[in-house]
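Undergrad: Start from the sequences and build out the full structure, keeping to the hints where you can.
Now for the letters of each chain:
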Amino acid sequence: MTFDFLEMVLFAILAIAIVGAGAAVVLVGRITSAALFMAFTFLCMAGMFLLLGAETIAAFQVLIYVGAITVLILYGVMFTPQGSRDYGLFFQKQTPWAIVFVAFLAVPVMVFASSFQDGRPLARGGDLVPLATSLFGDFAYPFEVASVLLLAALVGAIVLVKRDDEEIR
Amino acid sequence: MTPAVPLGAFIAVSAALFFIGCAGVLTRRNAVVILMCVELMLNAANLALVAFSRRYGATDERGSVFVVFVFVVAAAEVAVGLAIVLSAYRTRPVVNVDEARAMKG
Amino acid sequence: MSNVLAVMPEIVVTVVATLVLLVDTMLPRRAERGWLALLTVAGLLVALVSGPFVTVPGTAFNGFVQIDTFTTFSRVVFIVLAIFAVLVAPGYLARHDIPAGEYYAIVLFSTVGAMTIALSNDLITLFLGIELMSIPVYALAGMQRHDRYSNEAALKYFLLGAFSSSLLLYGFAWLYGVTGTTEFGPIAAAVARTGLADGPTLIALALVTAGLSFKAAVVPFHQWTPDAYDGAPTPATAFMSVAPKAAAFAAILRLMVGGLGPLGTDWGIAFAVLAAVTMTLGNVVALAQTNVKRMLAYSSVAHTGYILAAVAAYRAGDSAGAAVLFYVIAYGLMNLGAFACLLYFDIEGTRGATLMELNGFARQEPLGALTFAIFLISLTGIPPTVGFVAKVFVIQPVLDAGLTWLAVIIALNAVLAAFYYLRVVVHLYMHETDERSAPIISERMLNVSLGVSALAVVVLGVLPDGLYAWALQAAAPLVLR
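First to last, the sequence lines map onto chains A, B and C.
Per numbering that gives the first Met the number 0: the first sequence = residues 0 to 168.
Per numbering that gives the first Met the number 0: the second sequence = residues 0 to 104.
Per numbering that gives the first Met the number 0: the third sequence = residues 0 to 480.
These aren't lab readings, by the way, just hints derived from the structure by calculation.
Hints may contain errors.
Under 7 Å between C-beta atoms, here's a sample of chain C residues computed to sit facing chain A [said to hold, decoys possible]:
1) V64
2) I134
3) P135
4) A138
Ideal placement from N, C-alpha and C gives every residue a C-beta, glycine not left out.
TA: Next comes the structure, spelled out in structure tokens:
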């Protein structure tokens, strides 16, 4: 019983942190701060995965999102100077309208979201073995596709940023 | 035994984060920030997938498998995206997506 | 082992991509790289042949990969499009200092992604296929690194592409939540039970539709199209205007018709409206363009509308699916050809020729002008070209499905499109060369590949029956019985 209560409290804290930090990413002006808030959101998300009993996913979340992706994005922030011009990409000129539109969609979705009921839950904990079994069994083809995707991204990224011969000399 | 936190609560948090990211993509002007907002949206999807997978009468770990692949996709997307932003910056030292409005019509 | 054989064409294309990269690094820095294109095409031909000879129809990887007539047909479409896209590129790449080896490899990676979409049997494989198809193309759009239009094209394409992927993924997540599975068959069974009565299914359907509409450039999700097509290097535009679109429609057929078919009465009408809006808006805006590349970009939006009309008429049965497949291959040949014809004009940067710059092209390069005119006439939908036949095949199921109003809109749009396509032909043939005409480049590989695809456009226009029969076969496994 007390354990249940603890779980509730943990969930509430994590939920508030995720929504708050997520909103901060959108609202704060400084891009470095936005990146750090993003990292914090990712970290809290790992906590959520733990609450759901998916320890392996939580570990991956910390390694890949909090580690790799945040660092990459911070590098991106550092290598690009920030301007503050007021232009819009497509509909971005109508910021208020975009907000109204998103809010309009968000309300029913939130209502429907909370309507999901628990089914027959999987056993808590120990999700590594079933995960690995499906990953290398049923999903062997997508797994290989994922490796090709990383190779393609690697080639694409290198082509776009490598310097010309003249610049090296 | 029913879990303490209902499944709906997890999905609601995921939906909230998804729409926060969505609003960010629609309103922010900096390419790197838009990229961050897209990452938030992907993470929201991850939360929904794991929650469904572990709690929604699923018989296997399919949602978690999906999440692992989303990690890969997110990493690839960020790598290519930042390369595009950097190369745009090199040609013209402004990353505001919008700055390059040379093409109209 | 049978698993490996089932996906042999995909494996071959991947191996060729890495091989091209390796050979490219071993070549001296300034060496002629034109024949790398031939190596790539040879590899693609091997993949093309390996399909029917090695793979056996059926499922593989415990049913997570399905090789049916649709897969086989789509593989051929994607490989043929990749072959033409590679063949028209070498001259442009060399002139604009774009790394050729990486260019071909990226085209090949994207092709593997498209082929993966066609063989997917569940949401996970489908999602990875879509990403592998689109992420390399973002890089392709930005490969002319010192051109700001190219950068801008890549940036917009990437940001909206990533955004649409996350919409799609969230839709997939909810679909998994609603149905408790990721495979198309069980999804279809589950949504057939529940219908659209409950909200979450509706949300999932809306998110998936929006995400796929972005990928296929359906109005109102088309805004990235003109800038991305206009700014990308011209051979890349030729590729990205056809292959990702063909792949997006493969995804729509697999998921919407195959997986969400039971909800078809609901999304069918939405698609019909989207189709009407898409073709009309694309054509109206294209009318106002003077830059041919931008005009073709808008016109490709209009063609999305025609294809979507056939999807909306899915109730008509196999003929609707066959119409989609036939139109996709027709559109692929003629649109890739039309964009590639802009490679004849030597213009700085990535910009395409304006109407004035086309003046007198027929006098200087009669054969080139003839192929260009054939592609344009086919895009308009005038017999005896494949464009005409494809439109007829689309209108038939649309009428069968009881969407008469949509058929009328298609016919009106074809008339509207004639104005701007034929205006280009007028500039090619009726105007004398003057000081505004752009200098002309003539290359053997470009001439030959455009000639072959123009010939295909005419031959398929005269004798469409064989291809159509094959498309009918390919559409058969999609529809639920």
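Undergrad: Hints numbered earlier in the text: which of these fail when held up against the supplied structure?
TA: none
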